[in-house]
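Read top to bottom, the protein sequences are chains S and X. For the first sequence, position 161 matches number 426 in my numbering, and the numbering has no gaps at all. For the second sequence, position 241 matches number 506 in my numbering, and the numbering has no gaps at all.
Calculated from the structure, these hints are not laboratory results.
Coverage of chain X stretches by chain S, computed from C-beta distances (three or more under 8 Å per stretch; other residues unrestricted):
no., region
1, 359-371
2, 480-490
3, 499-511
4, 526-533
No residue lacks a Cβ here, since even glycine has one placed at the ideal position from N, Cα and C.
Number of protein chains: 2
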Amino acid sequence: MDLGDVPFSTDIFDVVNDPSVDIVVELIGGYDAAKELVLAAVRNGKHVVTANKALIAVHGNEIFEAADKAGVVVAYEAGVAGGIPVMKAVREGMAANRIDWIAGIINGTGNYILTEMRAGREFSEVLKEAQDLGYAEADPTFDVEGIDAAHKLTILASAGFGVPLQFEKGFTEGISKITPYDIAHAELLGYRIKHLGIARRREDGIELRVHPTLVPKSHLIAQVDGVLNAVLVDGDAVGQTMYYGPGAGDEATASAVIADIVDVARGVACGSSQRVPYLGFEPDAIEELDVLSMEDVQSAYYLRITALDRPGVLAKIASVLSEHGINIESIMQKESELKDGRIPVIILTHTVQERQMNRSIEELEGLSDIDGQVIRIRAENFN
Amino acid sequence: MDLGDVPFSTDIFDVVNDPSVDIVVELIGGYDAAKELVLAAVRNGKHVVTANKALIAVHGNEIFEAADKAGVVVAYEAGVAGGIPVMKAVREGMAANRIDWIAGIINGTGNYILTEMRAGREFSEVLKEAQDLGYAEADPTFDVEGIDAAHKLTILASAGFGVPLQFEKGFTEGISKITPYDIAHAELLGYRIKHLGIARRREDGIELRVHPTLVPKSHLIAQVDGVLNAVLVDGDAVGQTMYYGPGAGDEATASAVIADIVDVARGVACGSSQRVPYLGFEPDAIEELDVLSMEDVQSAYYLRITALDRPGVLAKIASVLSEHGINIESIMQKESELKDGRIPVIILTHTVQERQMNRSIEELEGLSDIDGQVIRIRAENFN
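Starting from the given sequences, assemble the full structure and let the hints guide the process.
Written as structure tokens, this is what we have:
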């Protein structure tokens, strides 16, 4: 490529040490070198635009503090949901709202896989196809285990709720154990399985969790298919809003990076380094709300229980759930699925604390009428 | 209501003449008084935040010019799609993109009516219900004839494409002639009828039109039901993005108004009146692109033709369309719908210029085998 008069160097620190540079754009990804580069840029009084969600989610508090001291901007729109200007919506457009919860399909690879699995295909087969198509990395862990989504959710939650970045305290469950069977049965119950990042602000702390989730098929987010992303943001004034579009790809990322550069340049032109606080809240308004443990999370649940075909087994299951205060919304058991004396029982519960659910599942798995492990997938109604 | 120490007056000009006022928030609606108030505020060096789409669509060029001269901001996020921060997305988030087209469900009343009509109910019946529920005004013209949507579309198009506001040149067709029959037959063809505002930037001008539109049921915007709004924005870098949420209501509007006030205040605090140009483009970058006449618009079409039940009539229809270069995508004629020797023929065409379609319809209506008028509803695939 002919760069013309644009200076080129193989040493990244040449850029941050060049006095003629105003804005450093960091697109290298990862933690160590990126962190060193960004902090050096900030210390040298340069604004930074980055697409590095991992860096912000893990080292953001430190980076923002350094930037605040140096009076420079660190912008990261491209790090969250790629080309969708959702950070701008959360930090600026929703400024009047107390944001109650955020939920998003924020990893395109995972959404592509779950979408394809609706045709009855196995996870491993679709993953291989996604790798062949270039949608998934050779090592797909970051995508399918939800780590990438957790990075983005951490940032969304902090800017939405005004709390410090706490990536390490979030809960992450991937989609590798989802089966076409569960997808099909969720559909029969009127639900679709999506890999969601969910953050909820509660009195006692925040929920911060990425896991496969049943959502009503009638909800707009259930209709977001393929590699596309969508983020639901619920504010106390406006209600539910949703932001949808390409969450990855060269041009979508470039779209967000350039919008950030324009924003920074407009700030510089008007003599102000940082117009909007990094996390949408002034540093002294950041609330030290902890991330709740998964046991304290509230959710509905889809359960798949393999029962021995004996009289009274349904009554026993219902009684265990009832003893733990868990109400059943739907139950499904089909004679046609009886095999080797075993029959799957599918249950959808109302919302309950995860602690109660853990105890019920432990008790259910101890019953002599139940075979093997109880499969559990969380469910949300978003109403 | 106890206003405490907040000064109160019954003369709106007291506010714009008060030297202690920095920002005037105009929520009175309408043209004349609002225009006088806003221009007076601007001339007095006050920033303005307004939810008045009609004012901006019709008098925006004049108001923005005056504001530019006075060095103040006129912000209008609440005027377009209520609580959805879509103007921020178009003016700032998509700054890197050449926006190719914008399409939106931007009138909640119309969308509510079309949604309810899917159950087979007539327009007039649902309109009455919407009026009883307070979704529709006693005089529903602005909503159901698409004028309100045209105001919003005018603003979206100007900020999206960087062209002057040209409300008076847009095309507007309402939903009062849509029948449950056409809704049901569109569904059979895989389409849903939505009342859309569509703006497209073309080499020779811009398309600016509000009308009932068939959209593929599989497209996300087809799934937006009830009083909710959604705006699709297609940029050359990012591709299709969508912004969804409540387009009206006290609190949703307040959400956008307050976000604008925060924006203006942040600008004032950083010593700059206007960070982002009113229409997203610097005044000298505004392009004098004309609105194209409806005859020059390109669209696909749903046609309902009442044919006499005679041999060869389908061949005659097909031949008229073919002579005008119109290709048929789907055709549907059901023997069970034969009544009094007449049978409806439903045709979905490929994209063609409206001029060609007008000529074909004229010719079709002249055929002795065709009874009455040809019903025509435009269709878009958004792919």
